[in-house]
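Trainee: Chain order of the listed sequences is Y and B.
Residue numbering for the first sequence follows this note's numbering, beginning at 1 and increasing consecutively.
Residue numbering for the second sequence follows this note's numbering, beginning at 1 and increasing consecutively.
Read the hints as simulated data drawn from the structure, not as lab findings.
We treat Cβ as the ideally placed atom computed from N, Cα and C, and that holds for glycine.
Do not rely on the hints blindly, as some may be mistaken.
Facing chain Y, from chain B, some residues (calculated, C-beta under 7 Å) [stated by the list, open to error]:
#, residue
1, Glu35
2, Ile72
3, Ala214
Listed next, the stretches of chain B that the computed footprint assigns to chain Y, with coverage defined by at least 3 CB atoms under 8 Å from CB atoms of chain Y [said to hold, decoys possible]:
#, region
4, 25-33
5, 40-47
6, 74-86
7, 161-175
8, 192-201
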Amino acid sequence: MNFDDQTWLDALAGRDTAPSAIAREALALRAALRNGEPSVITHPPDQAREDALIARAVSEGVIAGHARPRRWPGWQLPLAASVLLAVGAGVFMQLQPPAPIERGDEEVIVHLVAADPAALKRDILAELRAAGVSATGYEALGVHGIDADLPMPLTPAVIRVLAARGIAEPRDGVLRIEIRGSR
Amino acid sequence: MNATFDCTLLYACPGVPLDKNEFMRACREGGASIEQALRQLDRQFFATLYARAHRTLRNADAARDLVQETFIKVWQRCSTFQGSSELLPWIDAILRHAVLDRLRRTGREVPFDEAGAMNTQVSNRIVELSQRDVPTPDDDARREQLADCFRRCWIRFETAAPEHAAVISWIANDGLSHDEVGALLERSPGATREFISQCRKRARVYLAEWYELAFGGKDSP
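Pulled out of the complex, with its shape left as it was, chain Y reads as follows (with noise of 0.2 Å):
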């Protein structure tokens, strides 16, 4: 660029130049764009136009879609808990008394065993909201559980809570978790 083009655009950017006919012509041509910009338009807030903004985050992945219903409706829960405990029972009993926490390796269900399961389904349950998450917690047959949708693809504040719990990222977004008590 030689000195004519920079003064060019330093006179079409608005700044100071020393007076020449590239100058003027510069000034003259922002003056023209400047004043052919249309006043201010207003856009009041359009709840279509929002809603066609979620619905494309939701189908670019940028947002998860709205909480799918949990898998495990009503009686069915308590029932599938009561066999796992039976199960496991026996199991359990022979244990050493664990670190606070330990992890199945069930493939749907992530099991985590703690001192005190409703304080760490607590915790569990607070990160993941403050990751934006819904998540929902229960307590059946005294098993704490927490059901989640996560969003998909995992979102990095998500991907920092399973991390820092050491649960494997689930690959349909559905994250089922069981906590016992270890005593």
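For this one, chain Y is given, so just place chain B on it according to the hints.
Mentor: Here is chain B on its own, set in the frame of chain Y:
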């Protein structure tokens, strides 16, 4: 979908602007925070961004779609926002990139023969005309005549060289510097200098009629 206002998030309350700190917080938190913040961005910046997109694209549907696309990109890139500037200039830069991408996709740029005899003649005439003072129209009819002429010339310019016209408009309206133009175009300093030089030359050709009218006085065509 329902728009519910979660006033534990300050910016999600109607009338409360989303500042950059709340924006970064929503970006970190993700999930529902992003939805609330997206709605707030739309309420706060749609009108401004729409006007800017429409100024370049001159199509209401395309401008609306581009602003929506920009908001999505804002969230896809939110972790790169460091808070060193205010939100609007950062979002504006994303919008400009989106505008340029769209203009390039249309591929309607007309080749420019800068060495052509007519271009040289036009260029010399504008240099001659602009030795005079910047014109100040002295009556409404004259102002209207000049404005009409400029609009016609500018539309021709935008049609033939949309990328150059867009950049000139951003320089005039937003004061972009050489470095900012280079960053926007993703070009080296040398290539940016050449682009700006081309902007000036093309503007002279497509706006020649308006320059003549503006600087040449009432008797000019």
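Trainee: What hints, given by number in increasing order, does this structure fail?
Mentor: As far as the earlier hints go, not one is violated by this structure.
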